[in-house]
Structure formats: C-alpha cells, structure tokens
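*Asks:* Now for the letters of each chain:
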Amino acid sequence: MRIYLLILGMALVTVIPRLLPFIALKIDKIPSLLRVFLSYIPFAAMGALIIPGIGDSIPESTTAALGGTIAATLIALGTRNLLLTIGGGVFTSALFLLF
Amino acid sequence: MTSSREEFFQGITTGLPVFFSYLPVAITFGLLARTGELDIFQTVSFSALVFAGASQLIALNLLSLGVSIPEIIATTFLVNLRHLLMSASLITRIKETPLLPILGLGVTDESFAIASLKPAPVSAGFLGGLQITGYLGWVVGTAIGFGAGQILPEILRQAMGLAIYALFIALLAPAAIRSRTVFVVAIIAGGINWGLALIGLEQAGIRIVLGILGGAAIGTIMEHKGGIKN
Numbered sequence: 036m037r038i039y040l041l042i043l044g045m046a047l048v049t050v051i052p053r054l055l056p057f058i059a060l061k062i063d064k065i066p067s068l069l070r071v072f073l074s075y076i077p078f079a080a081m082g083a084l085i086i087p088g089i090g091d092s093i094p095e096s097t098t099a100a101l102g103g104t105i106a107a108t109l110i111a112l113g114t115r116n117l118l119l120t121i122g123g124g125v126f127t128s129a130l131f132l133l134f
Numbered sequence: 039m040t041s042s043r044e045e046f047f048q049g050i051t052t053g054l055p056v057f058f059s060y061l062p063v064a065i066t067f068g069l070l071a072r073t074g075e076l077d078i079f080q081t082v083s084f085s086a087l088v089f090a091g092a093s094q095l096i097a098l099n100l101l102s103l104g105v106s107i108p109e110i111i112a113t114t115f116l117v118n119l120r121h122l123l124m125s126a127s128l129i130t131r132i133k134e135t136p137l138l139p140i141l142g143l144g145v146t147d148e149s150f151a152i153a154s155l156k157p158a159p160v161s162a163g164f165l166g167g168l169q170i171t172g173y174l175g176w177v178v179g180t181a182i183g184f185g186a187g188q189i190l191p192e193i194l195r196q197a198m199g200l201a202i203y204a205l206f207i208a209l210l211a212p213a214a215i216r217s218r219t220v221f222v223v224a225i226i227a228g229g230i231n232w233g234l235a236l237i238g239l240e241q242a243g244i245r246i247v248l249g250i251l252g253g254a255a256i257g258t259i260m261e262h263k264g265g266i267k268n
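Protein sequences appear in the order of chains F and P. Plus 35 on top of the position in the first sequence (first one is 1) and you've got this note's numbering. Plus 38 on top of the position in the second sequence (first one is 1) and you've got this note's numbering.
To be clear, the hints were calculated from the coordinates, so they are not data collected in a lab. Since the model is a prediction, treat every value here as computed from it, not as a measurement. One should not assume that every hint holds.
[Claimed, not checked] Sample of chain P residues lacking proximity to chain F, with all beta carbon distances greater than 10 Å (derived): (1) E44; (2) Q48; (3) T51; (4) F84; (5) P108; (6) P136; (7) N231; (8) G238; (9) R245.
[To be verified] Residues from chain F shown here face chain P by an in silico Cβ test under 7 Å; the list is partial: (10) T49; (11) L54; (12) A59; (13) V71; (14) F78; (15) A79; (16) P87; (17) G102; (18) I105; (19) T108; (20) L117; (21) F134.
All C-beta atoms, glycine included, are put in the ideal place defined by N, C-alpha and C.
The task is simple: from the sequences and hints, build the whole structure.
*Replies:* Laid out in structure tokens, this is it:
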C-alpha cells in the first residue's frame, strides 16, 4: 500500500511539470536565470546521490564499493556506455567480494 | 492528416535508439526493485505510471535509506521540474492538434532532445511514435530486469548494490569531464549532502534536496559570472 501511494504521488508530481506547459503555455517566457538554475538540477542531484552514499552501496565491503566505483568511472569515460559501465562496475565489485 | 500514420511510424523508427538506451537502465531498475522490497506488480506499475528513469532509481535508493514517502515525492518533483522547461520549449515547435496535451505525458530528456533536433514544426504523430517507443523500452525492460533478478547468485546481488551508483556515474562522469561547471555543481551538491550528514542532519531526503539546491545555485552563479558554457 505504501509503495502504491509512492507510485501515485510520484506519477502526479512527474506529470504536472510535463503537462502544465502543454495546457497553460503558448510561448516560452521562463526567465533565463531560472532556466540556467534548472539546467543544473540533474547534475546536482546525481552529485548529491553519489556522495556520500556510494561508500555504503555494498554494506558487506566498502573496498568492493570503492573498487567498483573506480572501474565504473574509467569505463564511463572510456565507453560512454550505460550498460557497460553498470556491468563493469558491478563485475569489479563482485571480484572484490570473491577474493 | 493523410500522412499522420507515416509520421507516427517515422517517430517509432527514430525512437529505436531511445528504446535501446532505456533497456539497460530499465533492467537495472527491475533488478534493483527486485533486490529491494518491491513485487512484480509494484515494479511494473512504477515504470508504467511514473516513466521517469532517474527519479525511479532515486526513489529506490531513498527507500533503501528509509526516507519518508512525502520526502521522496518532494525529491522527485525537484528532480523532474526540468521537464517543465522542456515541455515549454517543445510546445512552441509542435503542430497544434486537439490531442496535444496527451503528448506532455511522454516528455523525457531523450525524446525531448531528439524532437528538438528535428526541424520545426514537429508533428504530433511523430512525437507520439517517438515517445511510445521509449515508453515500451522502459516498461518491457523493467519486467525483464525483475525476471532476471530472481536467478542472480548471492555475490552478484551484493555487488548489484553498486549498479544504481554506476548508472549515475555513467550519466554524470562524461558531462563532468566536458564542463568544469557541471563537475563543481556535482561536487558541491555531494559535499553539502555529506557535510550535513556529518553534522547530524539525519533525513537524507532533506539533505539531498538542500544539496541539489546548493549545487544548482553554484552552477547558476558560475555560469552567470564567468560566462561558462557547457
């Protein structure tokens, strides 16, 4: 029940920003300063989610988490591929957990 | 109107890269939801009703941290507020039709980017085809991920804890290398979150919201004063 409440709440607050301009706006009149601010929210969100949570991402081993983090960063920069980055990071962490 | 069917199928074709780029993230979401406390109906409903990759992964992360439901919804609102601008920009480039508002439901970063690269006016049929293709990739990938999660060995399931962060790294690292401002914004936001945790602010949701606001404010100041462009 709690999860469905979350889903419906998230659906509502996700739909409102997506839909509102389609209903209310004819011309884009958002101030440029606000536009700049909003453009940085995804990067700020990812930064705030990675730090410091990534250190605790694998409760069984901080070393495995950090090893996977370094591998994921290198793969991300080398390949720009989401699946390879996720797979490589998880695989590296699994190796740390095995040995 | 005679070519609206053609435009729809052109949208589907153009949407195939979106379909395939959503699959791994959706599979990751399905896997992580499975390793969390969600069942198959909750997991698929999540993707079918919310259709927002980053905030769904963030929600799983926050759920695992024990953050309250209202805080997660508030964080989701903040994370997805950028769609307000995308929709506002998009509306000026679409042909008017009575069905136009429905297209607002399918706005994502990826479909927006593709539609914005297409010469105006973009037809409703094209945009609809583009969005439906991405949507199918997201929902189908979620179900596949949930199914595959059931056959994972113990070590891999522990290591999967990194997957959500590896995804964020995959999205953030290339952008942070390209733009010093993006790099600083992410570090400041993370630093605020970490710093507030160190001084004893327990609610992760509030810390993250403050981190996001602080990071985005720094980015705005840097770009405004230095004229730094991405």
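*Asks:* Next, verify each hint and record whether it holds.
*Replies:* Outcome of the hint check:
1. Remark: the non-interface label on E44(P) is consistent with the geometry, its nearest Cβ contact in chain F lying 24 Å away (cut-off 10 Å).
2. Remark: the non-interface label on Q48(P) is consistent with the geometry, its nearest Cβ contact in chain F lying 21 Å away (cut-off 10 Å).
3. With 10 Å as the threshold on Cβ separation, the claim that T51(P) sits away from chain F holds: the shortest Cβ distance comes to roughly 22 Å.
4. Annotated as non-interface, F84(P) brings its C-beta within 10 Å of a C-beta of chain F; the closest such distance is 5 Å.
5. Non-interface call for P108(P) relative to chain F: violated, since the shortest CB-CB distance, roughly 8 Å, does not exceed 10 Å.
6. The beta carbon of P136(P) is kept farther than 10 Å from every beta carbon of chain F, the shortest such distance being approximately 12 Å.
7. With a least beta-carbon separation of about 4 Å from chain F, N231(P) fails to lie farther than 10 Å from that chain, contradicting its non-interface assignment.
8. At roughly 14 Å from the closest C-beta of chain F, the C-beta of G238(P) stays outside 10 Å, upholding its exclusion from the interface.
9. A beta-carbon of chain F comes within 10 Å of the beta-carbon of R245(P); the shortest separation is about 8 Å.
10. Look at T49(F): its Cβ gets to within about 5 Å of chain P, closer than 7 Å, so that hint holds up.
11. At about 4 Å, the closest approach between the beta carbon of L54(F) and any beta carbon in chain P falls short of 7 Å, and the interface hint on this residue holds.
12. With a cut of 7 Å, the hint placing A59(F) at the interface with chain P is violated, because the nearest CB-to-CB distance is about 9 Å.
13. A hinted interface residue such as V71(F) counts as satisfied when its beta carbon comes closer than 7 Å to some beta carbon of chain P; here the least separation is about 5 Å, so the hint holds.
14. Look at F78(F): its Cβ gets to within about 5 Å of chain P, closer than 7 Å, so that hint holds up.
15. A least Cβ separation of about 3 Å between A79(F) and chain P falls short of the 7 Å threshold, and the interface hint therefore holds.
16. Interface hint at P87(F): satisfied, since its Cβ lies 4 Å from the closest Cβ of chain P, which is below the 7 Å cut-off.
17. At about 9 Å, the closest approach between the beta carbon of G102(F) and any beta carbon in chain P exceeds 7 Å, and the interface hint on this residue is violated.
18. The interface hint given for I105(F) is broken, as the beta carbon of that residue sits about 10 Å from the closest beta carbon of chain P, more than 7 Å.
19. The beta carbon of T108(F) is positioned within 7 Å of a beta carbon in chain P (closest approach about 6 Å), and the interface hint is therefore held.
20. The beta carbon of L117(F) is positioned within 7 Å of a beta carbon in chain P (closest approach about 5 Å), and the interface hint is therefore held.
21. For F134(F), the shortest C-beta to C-beta distance to chain P is roughly 11 Å, which exceeds 7 Å, and the interface hint is violated.
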